[in-house]
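Peer 1: So you can see what is in the structure, the chains are spelled out below.
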Amino acid sequence: MKKTLPALISHIAVILALIIVMGVLGIIAAGIAADGNEKFTGELERNVTLHILENDTAKEQGYLKELLDAFNSEYAEYGITAVDANMDQYNDLEKNGPFGYGPDVLYQANDAIMKYVDGKHILPLPVEKLECAESIGEKAWDAYRATAGGESYTFGVPVNIQQPLLYYRQDLLPENWETEWDENDNGVPDMIENWSALYRFSKQIREESGGTKYGYMKSLNDGYFASGYFFSYGGYVFGGEDGKDTRDVGFSKNDGYKGGKIIRQLATVMNLECTEDTITRNSYSRMAQGTYFATMTTPDVYTMFIKEMVLAGYSEKYALENLKTVDVPALPVSGDLEDESQGFKDMTVMGGVNGYAISSYTKAPNASLAFVNFATSYKMINRRCELLGISPARSDIAEELGGLNRVINDNLARGTIYVMPSVRALAQVWTPLQTYCAKLATDALSGTGLYVTDEAIKQGVANVDKQIYDAIHTLGG
Amino acid sequence: MRKAGAKVVKAKTKRALNVLITYCILIVVAFVFFFPCLWLILASFSKSGSIYSFDGFFPKEYGFDAFKSLFTDTVMYNYPRWFLNTLFIAVMSCVLGTLLTILTAYCMSRFRFRSRKAMMKATLVLGMFPSFMGTIAVYLIMTQFGLINQQWGLILIYSAQAPMGYMVQKGFFDTIPYSIDEAARIDGASNFTVFVKFILPLSKPMLVYTALTSFTWPWSDFILPKMLLIDKDLYTVAVGLMSLGETEFARFAAGSIFIAIPIIVLYFCLVKYMINGMSAGAVKE
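Chains as they are written, first to last, in the working numbering: chain E, 1 to 477; chain P, 478 to 762.
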């Protein structure tokens, strides 16, 4: 009897808890669905002004003005006017939106947009109604999907796929590269094809110049770029089917530690600046001056390199002809830049999908949806690519444009772009990863010998996983 | 005699050595303070615009490009607008803040009322807390008043906070003999007349000092405008400069140099009054 009463009570408690949980989930799901479905009636609000938050590059290059003008003339009969929200491009909707100061439509990266989902700051969208729906690949849509109560909702419309690219100066290639640096005779210099050759070339430049010039240079502590080395050998940020299980942190999983080895080796052909952010900031002018041969960064900063080359005295034509961007080189299967015996494998890089979302606080959701539809139409995305040099998420346009656009689209489809997980906990990843990568680079350059063996590197990455886990879950998160 | 001569020489050497050491220390200290300013000024005239193209510490080539783009290239970074915004906020805060501070100080100096001492102690203690401590509360309060993204919201906060530092002004008013007030009152003057016709004319140095300090705070503040202003066209210079792109260093330096000019001009025009004001409130006679 003594045992049955507590057992009965606990059974009832469990059943009650389950009912409450199901009820809450049902309410959340119904709430989200109701929010989305009820607001998007298809009837355009008349005589409204939409505040559009775009990124600075779109504004600077004149694309935003073109977009707004085109939209305004198209929807003039409804009295809908879209204007520049004129806010910081990283404006925090969570902070300003509830008080009525946020934009109606915002263009940001998937991780920035999806952090608003928890607080219901953005609306789930009826994306199937949009012109671009069929042209965008599933992987790009996945970046904007979230589930509630077992239902999947889409909160953003992909526009631009971001992945790191290798930038290099073609005019700084050795004159004899076709005979000495093209082992597979495919007409492509080895140093932009695989990391081992780039490492060898960087070593050679550094030695020949007495340490005044460098080959590949990058701030190795930058987690966004450095994480790719770990992913390429089986590491990941969060586990689970959708990559959002924050209880499974996996930089050290599989052979992830080999990424740490690569970072350590790369540091030996750089200088101490690679342990902090200096190279990220000075790479534009150092590349222009010819001090660096190559670096890795995102496609959207191409114009900054060109601008610096012009300032350094080159003509714009020369700069455009000689500053090249290519997909990131392949990594050695062995995980050792000096061991090419096992061949090479494609590098997996961390990337993102920038896109449009609609604020929950907008007074004109249908007009906002019309704007998103217009801005992601074939015509406007084509123009966006032309003016801003973005890599479109629309596969039809990527196919037409070809070159790197197609490569980046394919990379996303086949999984060599690891899309930033759209979870808040991602914010806890950067500091431990950054600190560890900086330690690896410092160790390589100062010869402290802390991470010489594979075991030491493995242990270090395992510590990173633990630190990230603790940062997320110590306070019961 | 020889001993006395040797003593004089020794004393002279000692004094010369003292002077030499003092000057050396002063030169080092001056260099430490002056060098960053010099570097910033030279960087603002850098032709390339990037600090990474410098030849060692200083730019390779000089030009006015950064200053030119500061005032002409306003599509992304509208410096002239930011400058005018800052000027408007600073001037209005200066006028209202000075008025409130002077009135508070005068009341505390001249009138005796219940809780006066308690209020003085409370303001003294509250003044010790850094102003940014209440930023979240201020933000929430301003949202309720609909004063986010409004220049008047900032002016209101600066003006309301200014009287917290009334102690110096009160010290100054305490030095003005009370017999002046009494004589005026015997002649039939009201409190307001005494304040306007007798006390204020005697308080010019303190007014100038108060106005200057009330002006410089909003002029260079970053935290409040960053928190309360959302529209880029309402930015102040401090917030606007922080929003510049990472390759815009020369423009940042030029903007920083230019923003210092009004303060420097004001300082040189009013330094005489300012020193009088600062010392006047410090000693009770």
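Among the hints, erroneous ones may be present.
Label pairs and their in silico Cβ distance ranges [as the list claims (entries may be wrong)]:
id, chain 1, residue 1, chain 2, residue 2, range
1, E, A427, P, I518, 31 to 41 Å
2, P, A493, E, S209, 44 to 54 Å
3, P, N495, E, A456, 30 to 40 Å
4, E, G313, P, N495, 33 to 43 Å
5, P, P607, E, D396, 53 to 63 Å
6, P, S608, E, V188, 55 to 65 Å
7, P, M719, E, S209, 32 to 42 Å
Hints were generated in silico from the structure; no laboratory data involved. C-beta: ideal position from N, C-alpha, C; glycine also.
Peer 1: For each hint, tell me whether it holds in the structure or not.
Peer 2: Against the structure, the hints:
1. E:A427 - P:I518: 31 to 41 Å: 39 Å, holds
2. P:A493 - E:S209: 44 to 54 Å: The hinted range 44 to 54 Å holds for A493 of chain P and S209 of chain E, with Cβ atoms some 52 Å apart.
3. P:N495 - E:A456: 30 to 40 Å: 58 Å, violated
4. E:G313 - P:N495: 33 to 43 Å: 54 Å, violated
5. P:P607 - E:D396: 53 to 63 Å: For P607 of chain P and D396 of chain E the Cβ distance comes to about 56 Å; the hint holds.
6. P:S608 - E:V188: 55 to 65 Å: With Cβ atoms ~60 Å apart, the hint holds.
7. P:M719 - E:S209: 32 to 42 Å: 37 Å, holds
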